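Trainee: Please work from the sequences and hints to get the whole structure.
Sequential numbering from 230 applies to the sequence shown in the numbering used here.
Simulated from the structure, these hints should not be mistaken for laboratory data. Computed from a predicted structure; not experimentally measured. A hint or two may mislead.
Simulated DEER-style distance windows between Cβ atoms [said to hold, decoys possible]:
#1 R523 with P431: 21 to 29 Å
#2 Q314 with G271: 23 to 31 Å
#3 L301 with P456: 41 to 49 Å
#4 V266 with A434: 50 to 58 Å
#5 V459 with P258: 19 to 27 Å
Glycine is no exception: its CB is placed at the ideal position from the N, C-alpha and C atoms.
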Amino acid sequence: MSTLDRGAHEGLVRPPGQTARPGRRRPGPTLAVVTAVGAVVGSWWFTLAQETTSLPSAAVIGERGARFLSDLVGIGVEGPTAYEQASQWLLMAELARDTVVMSALAVGLAGAVTVATVGFASRLLTVGELAPARRGTGRALFTATRGVHVVARAIPELIWALLIVIVLSPGLVAGALALAVHEIGVLGRLSSDVVDNVDHGPLRALRSSGAGTLQAYGYGVLPQVLPQLVTFLLYRWEVVLRATVVVGFVTGAGLGEQLESLRVRLDWDGLGLVLVTYVLLVLAGEAVAAGLRRLAR
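Mentor: In structure tokens, the structure reads:
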């Protein structure tokens with residue numbers, strides 16, 4: 230067999246007279262960008278085309294915005310503004326403390342439940358190659374735990390708060406539980422993915438020595454994933470700290486309760502003070518979380 234025939238037989242050389250077969254091209258990022266832009270433009274067009282959609286003119290929007298901003302900063306307010314009253318700043322400090330407590334309770338509870346259940350949500354430990362021999366039990370635990378995590382994160386914190394205050398009285402505990410339930414779903418998904426990608430060597434050694442699922446998780450998985458779990462927890466605490474204000478609308482706790490109360494009373498400079506306190510609290514929380522993440526590494 231000649232070199233040309235051998236190459237044609239192996240698919241390396243195209244025989245004379247045979248045209249090249251066009252290769253199958255995969256859609257590039259351009260198609261994704263065009264699709265995304267089209268979806269956004271189409272959504273705006275659909276919304277603005279509705280009979281119930283009405284927008285004021287740019288001049289009216291500018292006038293209303295300027296007036297609202299002046300009210301927020303206390304311009305034209307009769308008497309001392311909220312920014313000038315020491316009692317209001319003390320009240321903001323107390324409400325900020327309650328907000329931090331609510332977020333800490335929520336993240337602490339979510340972290341504890343995640344550590345306790347993530348082993349059952351791991352495909353590797355329940356139905357994968359390192360699962361115990363009783364695959365039926367492992368699959369049931371895997372399905373049930375993953376299902377709980379999906380439901381927990383599918384329902385937003387605000388909806389959980391609306392449901393929980395029906396059972397519990399409004400306050401810090403109700404707000405913390407609403408935030409915690411949602412975070413259990415988010416952290417459970419993130420953590421189970423981390424567990425599924427751990428080094429299999431320690432787990433195989435434990436399995437070969439007769440260790441069960443809990444022992445393999447406690448001695449072979451948790452030491453590997455704990456630093457990353459702590460990092461996830463700190464990132465999610467920043468998110469929870471922001472969400473406490475919205476949840477506080479419903480549960481009547483922290484800065485959210487005060488924000489809603491001032492909005493109803495049209496006390497705009499007081500509402501502006503709450504917003505200033507909220508921004509300062511979020512910035513402080515981000516700085517603290519960043520420092521703790523450096524220590525966790």
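Trainee: Hint by hint, say whether it matches the structure.
Mentor: Hints and how they fare:
{"no.": "1", "hint": "R523 with P431: 21 to 29 Å", "verdict": "holds (27 Å)"}
{"no.": "2", "hint": "Q314 with G271: 23 to 31 Å", "verdict": "violated (50 Å)"}
{"no.": "3", "hint": "L301 with P456: 41 to 49 Å", "verdict": "holds (43 Å)"}
{"no.": "4", "hint": "V266 with A434: 50 to 58 Å", "verdict": "holds (52 Å)"}
{"no.": "5", "hint": "V459 with P258: 19 to 27 Å", "verdict": "violated (35 Å)"}
Comparing the model with each earlier hint shows violations of hints 2, 5; every other hint is respected.
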